[in-house]
Amino acid sequence: MRGSYPPDPGAQHPMLDARLHLLDRQVIDVDGEPVTAVDDVELSGPPDPRHLSPDDPAPAVTGLLSGVTLGTRIFGGRSPRSRLHSIDWRAVSDVGVTIVLHIRAGQLEIGWTERWVRDRIIAKIPGGRHDPE
Amino acid sequence: MILSELLGRAAYVDSHRVGWVIDVRLRPEGRDPDRPMAVLRVHGLIVSPHSKSSTLGYERSTVRSPGPIAALQRWRHRETFLVPWADVAGIETDRIRLRPDHRRYSPELIISASSPPEAKDFEHR
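Chains as they are written, first to last, in the working numbering: chain A, 1 to 133; chain B, 134 to 258.
Keep in mind that a hint or two might mislead.
[Claimed, not checked] Here are some chain B residues pointing at chain A (derived, C-beta under 10 Å):
# : residue
1 : H149
2 : L159
3 : G190
4 : I202
5 : F214
[What the hints assert, rightly or not] Some residues of chain A that are not near chain B, with every Cβ distance over 10 Å (derived):
#  : residue
6  : Y5
7  : D31
8  : I74
9  : G106
10 : I122
[To be verified] Covered stretches of chain B, as calculated for chain A (at least 3 residues, CB under 8 Å):
#  : region
11 : 134-147
12 : 150-158
13 : 167-175
14 : 219-225
15 : 239-247
Quick caveat, the hints were computed from the structure, so don't treat them as lab data. Ideal placement from N, C-alpha and C gives every residue a C-beta, glycine not left out.
Kindly produce the complete structure, drawing on both the sequences and the hints.
Structure follows, in structure tokens:
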């Protein structure tokens, strides 16, 4: 990947690459419970994306997006933004092998289907309200 | 705007295609005492002239093995460059326009802001 281009003047500052360090990463809540995986990243939008000014502030990461993306991964395209759930970037406490949140998974909208199945279906099955013995 | 609107999109200077956006470099900016993680702001776009695919992490300066895969990735992504965000002229539905006088820098990621792995990171694997 070394080329004839000069080094980036900002390269001595720690950086992240969005695709490499954020996409597909496992998200862990404050208790160490797996929450989801990152399917996309939400960025603050420039005022007019078609005509950017060098003086406009660069977009910032505002959230991590997750949702059902199996279909688009097989057949191509991408899920509309409305089909993805967002985890506010302010809930993130660390980015490493996993992305760690400082809140609990129950506080997030993203796990509502699992909670709904647990409370409305699993809980009605005899023995469904406690751990296996 | 979402990341997938940028990744894989062709980059043009005027009517000439110069490559595809394969990653977006982010720079942690400022530490707010009320926020445990810094704001990540777009530093630039990584543009590959020959491939739309990821570099699989081989743009990091310390990754040189396995040798054959590193060599293949270096060949596929030869002449890849980093364009500062200020040199992006516009984002359209089918292309990203770069300014004619845009700067090109080496895409090497010298210092990663990602935390190094710890034993607890592998508990769920």
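Checked hints:
no.: 1; hint: H149; in the structure: 18 Å, violated
no.: 2; hint: L159; in the structure: 5 Å, holds
no.: 3; hint: G190; in the structure: 6 Å, holds
no.: 4; hint: I202; in the structure: 13 Å, violated
no.: 5; hint: F214; in the structure: 5 Å, holds
no.: 6; hint: Y5; in the structure: 5 Å, violated
no.: 7; hint: D31; in the structure: 12 Å, holds
no.: 8; hint: I74; in the structure: 16 Å, holds
no.: 9; hint: G106; in the structure: 18 Å, holds
no.: 10; hint: I122; in the structure: 22 Å, holds
no.: 11; hint: 134-147; in the structure: holds (count 5)
no.: 12; hint: 150-158; in the structure: holds (count 4)
no.: 13; hint: 167-175; in the structure: holds (count 7)
no.: 14; hint: 219-225; in the structure: holds (count 7)
no.: 15; hint: 239-247; in the structure: holds (count 9)
Checked against the numbered hints listed earlier, the structure breaks hints 1, 4 and 6; every other hint is satisfied.
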